[in-house]
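Chains as they are written, first to last, in the numbering used here: chain Z, 1 to 503; chain E, 1 to 224; chain P, 1 to 485; chain R, 1 to 101.
Hints listed in this document are in silico derivations from the structure and should not be mistaken for laboratory results. Quick reminder that beta carbons are idealized off the backbone N, C-alpha and C, glycines included. Some hints here could point you the wrong way.
Some, not all, of what chain R presents toward chain P, calculated at C-beta under 10 Å [as the list claims (entries may be wrong)]: (1) Leu33; (2) Phe35; (3) Cys43; (4) Ala50; (5) Ile55; (6) Asp57.
Label-pair restraints from in silico Cβ distances [as the list claims (entries may be wrong)]: (7) Z:His65 / E:Leu20: 26 to 36 Å; (8) R:Leu6 / P:Arg203: 49 to 59 Å; (9) Z:Asp157 / P:Ile291: 14 to 24 Å; (10) Z:Val496 / P:Val277: 42 to 52 Å; (11) P:Val277 / R:Leu5: 31 to 41 Å; (12) P:Ser98 / E:Ile11: 46 to 56 Å; (13) Z:Ile284 / P:Gly354: 53 to 63 Å; (14) E:Ile11 / P:Ile291: 17 to 27 Å.
One side only, chain Z facing chain P, incomplete, derived with CB under 8 Å [unchecked claim]: (15) Gly58; (16) Gly62; (17) Ala66; (18) Ala68; (19) Ile181.
Here is how the chains run, residue by residue.
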Amino acid sequence: MSLNEFLPLAVIASSLLPGLIIFVLPERYLALRTALNLLGAIAKIVFIAMLLAGVQAGEDYGFRHAIAPGIELVFKADALSLLFITLSAILWLLTTFYAIGYLENAPHRSRFFGFFSLCVTATMGIAMAGNLFTFFVFYELLTLSTFPLVAHRGTPDAKQGATVYLAYTLTGGACLLTGIIWMNSLAGNAEFVHGGFAATIGDGHETALRIIFLLLIIGVGVKAALVPLHGWLPKAMVAPAPVSALLHAVAVVKAGAFGVVRIVDEVYGAEFAQSLGLLLPLAIVAAVTILWGSLRALAQDELKKRLAYSTISQVSYIVLGIAMFGSLGTIGGLVHLVHQGVMKITLFFCAGNYAETLGIHKISEMDGVGRRMPATTAAFSIGALGMMGAPLTAGAISKAWLVDGASAANMEWAIWVLTASSLLNAAYFLPILWRAWFRPLPVAWPEEHIPRRKWHETAWLLLLPPLITGILTVALGIFPDAEISPLTWACFIADVEYQALPK
Amino acid sequence: MSANLRRLAVILGAATFVWLLADTLFTLPLPAVDLRPLVSANLAQSGVTHPVTAVLLNFRGFDTLLEIAVMLVALIAVLASLPGDSSRATVSDNTDDMLPAFSRTAVPLMLLYALYLLWAGAFRPGGAFQAGALLAAALALLHLARLMPAWSAPGLLLRGGLVAGFLVFLGIAAALMAGGALLQYPPAHAGMLILLIESTLAVSLALILAGLFLFVSSDGGTPK
Amino acid sequence: MTENIALIGVFTVPLLWATLAFLLGPGRGAFVAITGSVVQLFLALILARSVLVDGPLNHSTGGWGAPLGIDLYVDGLTAAMLLLTQVVALPIFVYARSYFAPGAHAARHFWPLAGFLIAGMNALYLANDIFNLYVTLEIVGLAAVALIAAGGGAGQVAAALRYLFAALLGSGAYLLGVALIYGTYGSVSIATLTPLIDVAAPRVVSIAALLMFAGLMLKSALFPFHYWLPAAHGGAPAPVSALLSALVVKAAIYLCLRLWLGPFAPLVQAAAWLPGVLGAGAILWGSAMAIRTPRLKLLVAYSTVAQLGYLFLAFPLLTPGAAVLGAVTLQAIAHGLAKAAMFAAAGIIIHSTGRDAVAEVAGVAERLPLTLFAFALAGVSLMGLPPSGGFLAKWLLLDAALNAGHWALVAVIIAGGLLAAIYVFRVVRQAFLNLPEELADRQKHTGRPVPRVLEWMAFGLAAASVLLGLFSVDLLKLIAVGNPL
Amino acid sequence: MTSELLFAVTGVILFAIGAAGTILLANLLRRVLAFNIMGSGACVVLVSLAQRNGIADPVPQAMVLTGIVVAVAATGVALALTRRLHQLTGECETTSSVEHD
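Just chain Z, with the same shape it has in the complex:
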């Protein structure tokens, strides 16, 4: 097996194998379990680094395995997949640290970390899937491996949340499956290519292709939480904080958004999708989602719920960017795929810290928490400002590109949507910051788990990850076009997708 075949597999195996081993590990083998987790996470990042270098040098990486005559599992590590797996891998490493601290002496940790690794594996598979069949395999694997994490606490509303989650995702999966098989019956088991393969199917199938597009978008839209398919996301917030952070801020919703990218750009191809008149409706759905998510977020008092609705709104920035016909929008969307992940995970880390340290779950309980937990709250503030698109944060960059994309695709209304959304973001984030920093301390916190010590507002393992991602948020905002930043990489992708560098 050549290196070019080995690396994609290695990226998958580096989380799959630890996961499987951890399942059979007895609960008490804490050190070994931790070692396995970190080893896997670090190994993965090393492999990905090799891939990044290789792909920039024009190498192409792929692996295929026939599972039945005419049906193949195909993995391709191309520029687009790397954007996604790099993000997931780095955040996985941070989240692993965080989870180790978060779940100290909690029960069922073997199960938790086992399925956690499976989720990451599934995400890697989705990112590197080379055809719709492979994409579906890992898409459903993600659903299945997330279920136990949502149900992890074993409380009735955990069961409830997990059930709702399944009801949405499995139904979406059924639509996706129908669409994929239909598409394959027209195009054969075609593989993703820049510019898409649907155009080659030829005339006479336009209607079929439109219906298929609808089915596929519904399929991935459920995970991307497009309105009206978003109902599961707030309910799934019963999961432990690391799960909400990595999965519901990054892996699951991003898998959906990523699916939209693949379908629009590499199944249909932007031009063909545009010619079928599919992009505008998609853009409208995205716009509606953006506004609806922000509006609902305003109404939430529970911190995680508000973040969840904000996620719903933010993820659709990506979809909106892709749905804008033109390279600028695509770049904006792709960059936001990364930036939103970094910012949102910061916020969820902090929310988890508040809950773990002081038992704060509601925004109304956050008065003066800034003085009790300055570092955490600083990270939180950065994330929040980023979400609003404040200058010098990652959010500013992606929004700028999206606006340019909108005007380039002369979709002025999209600009209004983005502006409105930014205002709404401000409307539901600034009050939190104000409470946290400027309101007086309460007499007592809801339930203080971790007492304050000098220079020690909470456990280090809980504090470091949000600080790192917070700093990252700023860094991405200040040096957007560094040697290998998400932005440059997104331009690289748009370059191959549209064969023309953006002016």
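Starting from the known structure of chain Z, fit chains E, P and R onto it as the hints suggest.
Just chains E, P and R now, kept in the frame of chain Z:
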């Protein structure tokens, strides 16, 4: 659906079925394949002179092998269906002496006739099954005449008797693989082998058939 | 010669060890059974390999050859079913060995009966003679009935009787069909009959075919003939349920398939929609019942009713040239493995909670993670989610249905998957709940500790049903050998 | 029509009666009898159709012999189970309820 309606439906269905099927039978052409010449042509190599026995133990011997398996399964099924606690096998006190007297004379004759049937099977109607059935009847008669207790869970000896026929048959069938195929008798020894199989089968079948009756009657059979 | 010995051995070996187990006495024989099953698995592999390499294989018992003698025939389909039977039987036997408490009444005659059951099925797959098939059907039927009834209470005995009469009615209809066929053509050899039967065949042949199919559908519990199955499979001891649900019903369906594609092919094309409709009914009805029943094993049994529906659903697609046979067989195999695993897991759960109720599964995720994992994995295959064998089968079926433009079938298959998800996750999500106090106390008394080997057997079967979806190239190649499609 | 055909039709009728009985009757002993009638009907058809031109055919006769033995076996099992059910419940009928336990 009410019971009467259901009954009516089934009966009507059965009637139409008979009508449709019978109707087709009248216009049925003669078969394309005729096995009779084949049977008589190969009778010489079959080791027996009676065509039915030849089919049973040679041409379609595989059927018969599996059929013995069916009998064994049935017997084990009966044993398995017995209540766990029934191991008492009693001869209840003798009420009349008519039946015993009759059986005392009948059973030896039945044994004799069974032997004849077994031997006759080679060249005229008869054979292991008929013989076995007759022997089983004799055993049942003995039990009904209260000269023999019902059988409780079988001991090793009885179990051996029950499976002996099948084991011999199976063993010979497998050993004949040497000839290239299952149950491929060498014409020279076919007669002898078939006789061996038939005689052990007769005993085992007798025990099995009797067992179907005698094991079941070992428990009171009254509701608990 | 080796493959001939393998061919004969695959049913003589179980006949032998079944007899020995009986000879050894009540409750004895686990060892010979497991040893024998290992040998059978080995022989089945030899057969499969030889079929894959040298094509179909014919063996004339007694050396006479059809139509005078009885022929045994192995093609890819046969070899695949033989493999399935041995692959499921072996772990289930290891499971049964630890499952039955020593001296348990249900176990006293388990081994000989199980042996005859397996032997009967293996012979059934091989026989190429419709009368010999009748005898094998009876072996399988009676052994199955006995296994259900053995040492059970009134409910089990009643279920066994209901099953027995269904089976007898079925084989009776089948036998009359055989009689009519023999009366018409003068032969019972499938090889001889196939060229003789054509579209111009007299109507009596169609009636015979109808009788035989009806009988077999009764035995394979195709909706609406499924009435006997839930009580029988839901009431028997777990290892028995596993064997029945995973294998026995498949035997009758296999026979349907053989006759459908073989001798009766010219007659059935017109009626191909009928099994399809009944199959759809089975999927919807079986799933609906599985979603409603409060009992765990009954849920699994109803899921069998539903899953068998997929096999008949495919009959309208079984047109020459289509690769549907592969999909059907794959579904049969995947379901066999998954269902055996699921009954094994259900048995473990009931063993440890002491109650056969879905509500009592709470807390199993904590106590028996491996068992729950096995149950869920098996469920993945039943739902047809990737990367399981059930998924691959469903994918192939959907592909065929779409290419043939059968949108109704597509809809049913998709709906069936979602319904399966509902009843599988009914159990799984319950298992994640923390065990309520009062139940915990009660289960201390009713429940018993679980031997690890039980859990591993269930897990192994489930894992196999999932991995099947990733490594099916050779299997599908094998199935394609010598089948008329 | 020949006497063989008469036998065949009789066999069909016996089968139909037996089948209807097996389906309709509630009492298990009667159902056992009905099943036996059904089986013998099938056997009669098998033998008689095969010798429509008068000459006996040994093959179906041997097959019928097998069929009879199989029927005996099945009857034995059915009776034993019926007896067992009677011991347990005091009745000779199967209830049709699935939940029955």
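Structure-based check of each hint:
Proximity of Leu33 (chain R) to chain P is violated relative to the hint, the smallest CB-CB distance being about 12 Å (cut-off 10 Å). About 5 Å separates the beta-carbon of Phe35 (chain R) from the nearest beta-carbon of chain P, less than 10 Å, and the hint is met. For Cys43 (chain R), the interface hint holds, since its Cβ comes within 10 Å of a Cβ in chain P; the closest pair sits about 8 Å apart. Interface hint status for Ala50 (chain R): upheld, as the beta-carbon distance to the closest one in chain P is roughly 6 Å, under 10 Å.
Using the Cβ-Cβ criterion of 10 Å, the hint placing Ile55 (chain R) at the interface with chain P is not satisfied: the shortest such distance is roughly 12 Å. Of the supplied interface hints, the one on Asp57 (chain R) holds, with its beta-carbon coming within about 8 Å of a beta-carbon of chain P, less than 10 Å. Distance hint for His65 (chain Z) and Leu20 (chain E): a CB-CB separation of about 55 Å, inconsistent with the stated range 26 to 36 Å. In this structure the hint that Leu6 (chain R) and Arg203 (chain P) lie 49 to 59 Å apart at CB is violated, the actual value being about 20 Å.
Taking 14 to 24 Å as the suggested C-beta distance range, the pair Asp157 (chain Z) and Ile291 (chain P) conforms, at roughly 22 Å. Between Val496 (chain Z) and Val277 (chain P) the Cβ separation comes to about 51 Å, which falls inside the hinted range of 42 to 52 Å. The hinted window of 31 to 41 Å between Val277 (chain P) and Leu5 (chain R) holds, with their beta carbons roughly 36 Å apart. Distance hint check for Ser98 (chain P) and Ile11 (chain E): the Cβ-Cβ separation is about 51 Å, which falls inside the suggested range of 46 to 56 Å.
Distance hint check: the CB atoms of Ile284 (chain Z) and Gly354 (chain P) are about 57 Å apart, consistent with the given range 53 to 63 Å. The hinted window of 17 to 27 Å between Ile11 (chain E) and Ile291 (chain P) is violated, with their beta carbons roughly 37 Å apart. Using the Cβ-Cβ criterion of 8 Å, the hint placing Gly58 (chain Z) at the interface with chain P is not satisfied: the shortest such distance is roughly 32 Å. Among the interface hints, the one on Gly62 (chain Z) is violated; its C-beta lies about 18 Å from the nearest C-beta in chain P, farther than the 8 Å criterion.
About 6 Å separates the beta-carbon of Ala66 (chain Z) from the nearest beta-carbon of chain P, less than 8 Å, and the hint is met. For Ala68 (chain Z), the suggested interface contact is upheld, since its CB lies about 5 Å from the closest CB of chain P, less than 8 Å. Hint status for Ile181 (chain Z): holds, given a least beta-carbon distance of 5 Å to chain P, under 8 Å.
Comparing the model with each earlier hint shows violations of hints 1, 5, 7, 8, 14, 15 and 16; every other hint is respected.
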